[in-house]
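Engineer: Below are the chains, spelled out letter by letter.
There are 2 protein chains.
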Amino acid sequence: MKKSIGAKTIVFPTPVFIIGTYDINGKPNAMAVAWGGICCSEPPCVSISLREATYSFGNIMEHKAFTLNIPSEKYLREADYLGLVSGKEENKFISAGFTAVKSELVDAPYIKEFSFILECSVIQTLKIGLHTQFIGEIKDVKADENVLNKEGNPDIEKIMPIIFNPATRTYYGLGRYLGEAFSIGKKQK
Amino acid sequence: MKKSIGAKTIVFPTPVFIIGTYDINGKPNAMAVAWGGICCSEPPCVSISLREATYSFGNIMEHKAFTLNIPSEKYLREADYLGLVSGKEENKFISAGFTAVKSELVDAPYIKEFSFILECSVIQTLKIGLHTQFIGEIKDVKADENVLNKEGNPDIEKIMPIIFNPATRTYYGLGRYLGEAFSIGKKQK
Numbered sequence: 000m001k002k003s004i005g006a007k008t009i010v011f012p013t014p015v016f017i018i019g020t021y022d023i024n025g026k027p028n029a030m031a032v033a034w035g036g037i038c039c040s041e042p043p044c045v046s047i048s049l050r051e052a053t054y055s056f057g058n059i060m061e062h063k064a065f066t067l068n069i070p071s072e073k074y075l076r077e078a079d080y081l082g083l084v085s086g087k088e089e090n091k092f093i094s095a096g097f098t099a100v101k102s103e104l105v106d107a108p109y110i111k112e113f114s115f116i117l118e119c120s121v122i123q124t125l126k127i128g129l130h131t132q133f134i135g136e137i138k139d140v141k142a143d144e145n146v147l148n149k150e151g152n153p154d155i156e157k158i159m160p161i162i163f164n165p166a167t168r169t170y171y172g173l174g175r176y177l178g179e180a181f182s183i184g185k186k187q188k
Numbered sequence: 000m001k002k003s004i005g006a007k008t009i010v011f012p013t014p015v016f017i018i019g020t021y022d023i024n025g026k027p028n029a030m031a032v033a034w035g036g037i038c039c040s041e042p043p044c045v046s047i048s049l050r051e052a053t054y055s056f057g058n059i060m061e062h063k064a065f066t067l068n069i070p071s072e073k074y075l076r077e078a079d080y081l082g083l084v085s086g087k088e089e090n091k092f093i094s095a096g097f098t099a100v101k102s103e104l105v106d107a108p109y110i111k112e113f114s115f116i117l118e119c120s121v122i123q124t125l126k127i128g129l130h131t132q133f134i135g136e137i138k139d140v141k142a143d144e145n146v147l148n149k150e151g152n153p154d155i156e157k158i159m160p161i162i163f164n165p166a167t168r169t170y171y172g173l174g175r176y177l178g179e180a181f182s183i184g185k186k187q188k
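So the sequence lines, in the order shown, correspond to chains A and B. The opening position of the first sequence corresponds to residue 0 in numbering that gives the first Met the number 0, with each subsequent residue numbered one higher. The opening position of the second sequence corresponds to residue 0 in numbering that gives the first Met the number 0, with each subsequent residue numbered one higher.
None of these hints come from the bench; they were simulated from the model. Incorrect hints may have been included.
Identical copies go unnamed one by one, so any copy, or any two together, can satisfy a pair.
[Stated by the list, open to error] When the alpha-carbon atoms are kept at most 25 Å apart in a straight line, the in silico DMTMM-like pairs for lysine to aspartate or glutamate are as follows:
1. 185 with 88
2. 111 with 156
3. 185 with 143
4. 188 with 150
5. 26 with 51
6. 157 with 72
7. 1 with 103
8. 185 with 61
9. 26 with 61
10. 26 with 154
11. 1 with 106
12. 185 with 72
13. 101 with 139
14. 2 with 136
15. 87 with 22
16. 157 with 179
17. 188 with 88
18. 126 with 61
19. 186 with 112
20. 185 with 112
21. 188 with 112
22. 87 with 143
With these hints in hand, go ahead and build the complete structure from the sequences.
Structural biologist: Dropping the structure here:
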């Protein structure tokens, strides 16, 4: 018998994305976002949801672009910090100790220290309620060579992404390999 | 120096959601979806992206509702199977060995065997490209009592969600506890 726990925003896993933007004066900003994910295969797109009150919201509206930077476990403290402070108050790139690299493809900065980043151009904006969703077309994905496997694919075990748990507002790491997708289910047929 | 790997649909972590719907004749269907996530806090909403060609797409258009069921590691084989076969061909609830429970809140079935489920009513539809996004307002979240902690909150370590890795099309489990959100970053200030 299932118990109702109310209309809460809880799914598992939930990501931790660090969103890179420029403000109106070209100052780079980085913000932690947990509401988002891939939303289309062709064109390749990712969606992120932001409150209008955030500094990044205005930045994205102005420049129609953002980068999506995947934090590794080792940057947990910095990633959490980027969700605690607003770019209105300070230069978060500096206080987090990060280097802003200007993307050559979109009008937004990415985080040099992170091993895996996406460069996105906003193609649609959808107001839902408190949050507005930005649909970003993925123009390119870039990764440090040391997180690529022999085939040149990103290796999740080297990237070590952070998993956010919205139920208890805690973070988790990546667990063990379970199996191959579109394969392990064939036994069920 | 970062290496370009092209405009690919890769972020970490990516979820595995099992979407429950009814077809036009009331036959329940379950489909595995990896493109989605929470997209608004108020009203509480989750977005999922589906190709028009899928059976579930027509079902959601018809009933304006779906359930989002979180598979545990122990249902990895079944979850993968639900992404391999179309509901056009068979009753996937039966072939996966699942029991369809009719939601009392929305016009969709949930999976009795899964410990954590969301009941969603579609409030917006956004065509992006190959995929169309459904914005589902979360009407309720239900969980088995044995996955709730002492405070009545869902315990991610008991739910044991599956993480999809779109880079190599593989699955991973949940890893170790890393820390408290909106707290660990205070040290960075």
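Engineer: Failing hints, ascending?
Structural biologist: Those not satisfied are hints 3, 4, 8, 10, 22.
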